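Trainee: Protein chains in written order, with UniProt numbering: chain H, 1 to 110; chain U, 1 to 110.
Mixed in with the good hints there might be a few duds.
[Unchecked claim] Sample of chain H residues at the chain U side, in silico, Cβ under 8 angstroms: (1) 22; (2) 25; (3) 31; (4) 101; (5) 103; (6) 110.
[To be verified] Computed footprint of chain H on chain U; a stretch qualifies when at least three of its residues, placed anywhere within it, have a C-beta under 8 angstroms from a C-beta of chain H: (7) 20-32; (8) 97-103.
FYI, nobody ran anything at the bench for these hints, they're computed from the structure. Since this is a predicted model, take the numbers as computed values, not measurements. Don't be surprised by glycine CBs; every beta carbon is placed ideally from N, CA and C.
Here are the chains, one letter per residue:
2 protein chains.
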Amino acid sequence: MPRSGRRREAPHYPDAADIDLLDVLHALADPTRMTIVQTLSVEPERACGTFPVDVAPSTLSHHFKVLREAGLIRHREEANRRLTTLRAADLEERFPGLLGTVVAAYRNGG
Amino acid sequence: MPRSGRRREAPHYPDAADIDLLDVLHALADPTRMTIVQTLSVEPERACGTFPVDVAPSTLSHHFKVLREAGLIRHREEANRRLTTLRAADLEERFPGLLGTVVAAYRNGG
Chain H
1 MPRSGRRREA
11 PHYPDAADID
21 LLDVLHALAD
31 PTRMTIVQTL
41 SVEPERACGT
51 FPVDVAPSTL
61 SHHFKVLREA
71 GLIRHREEAN
81 RRLTTLRAAD
91 LEERFPGLLG
101 TVVAAYRNGG
Chain U
1 MPRSGRRREA
11 PHYPDAADID
21 LLDVLHALAD
31 PTRMTIVQTL
41 SVEPERACGT
51 FPVDVAPSTL
61 SHHFKVLREA
71 GLIRHREEAN
81 RRLTTLRAAD
91 LEERFPGLLG
101 TVVAAYRNGG
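In isolation and in its complexed conformation, chain H is listed as follows (with noise of 0.2 angstroms):
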């Protein structure tokens, strides 16, 4: 049984040889899932609640929902705090050199 009545399933989350390149553009392609993305690549892990971007609970859900579906990233929970961890070997390992390269043009004025 869920511990939170919020969630309605388990999380899914693609292997990283099944992540799509498509799908992760897609997911790049919003400015505040760009902003998660970029915050973790400074800081590889973090709360849920602490990204600085500025929307509602239910549609920070849905961005983390993208970003999960499309093997960006990774939720765990400690104590009870979720955390967010990017999946930055993942995508390394499967794209090599791509988040670098996307998360440095938005970082120099995407």
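Here the structure of chain H is known, so what remains is to put chain U in place on it, guided by the hints.
Mentor: Using the frame of chain H, we list chain U on its own:
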């Protein structure tokens, strides 16, 4: 006056400096548009009807518009043909390494 009644407005091309990363990622996050960009990455100028994509002409026009407005391609008229060109130099100047990394990722089974 436009030479073809099908064109309702002059195409809009962003200046190289105004190319937006999220627009580029959105434009690339589609199999038809990615195929067009992949094809142009091998052969930088092609006639519009010669891309290896299987979509209706109106759908193809839409995809060209998205690519054009994101700054990925230009069109030019030559004799009776409309040619499509990849803006590889502009993209490289704006986001070094991005296009090459994405194209390589897709070619390697994205």
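Trainee: Would you mind marking each hint as holding or not holding in the structure?
Mentor: Hints and how they fare:
no.	hint	verdict
1	22	5 angstroms, holds
2	25	4 angstroms, holds
3	31	6 angstroms, holds
4	101	5 angstroms, holds
5	103	10 angstroms, violated
6	110	3 angstroms, holds
7	20-32	holds (count 10)
8	97-103	holds (count 4)
Checked against the numbered hints given earlier, the structure breaks only hint 5 and satisfies all the rest.
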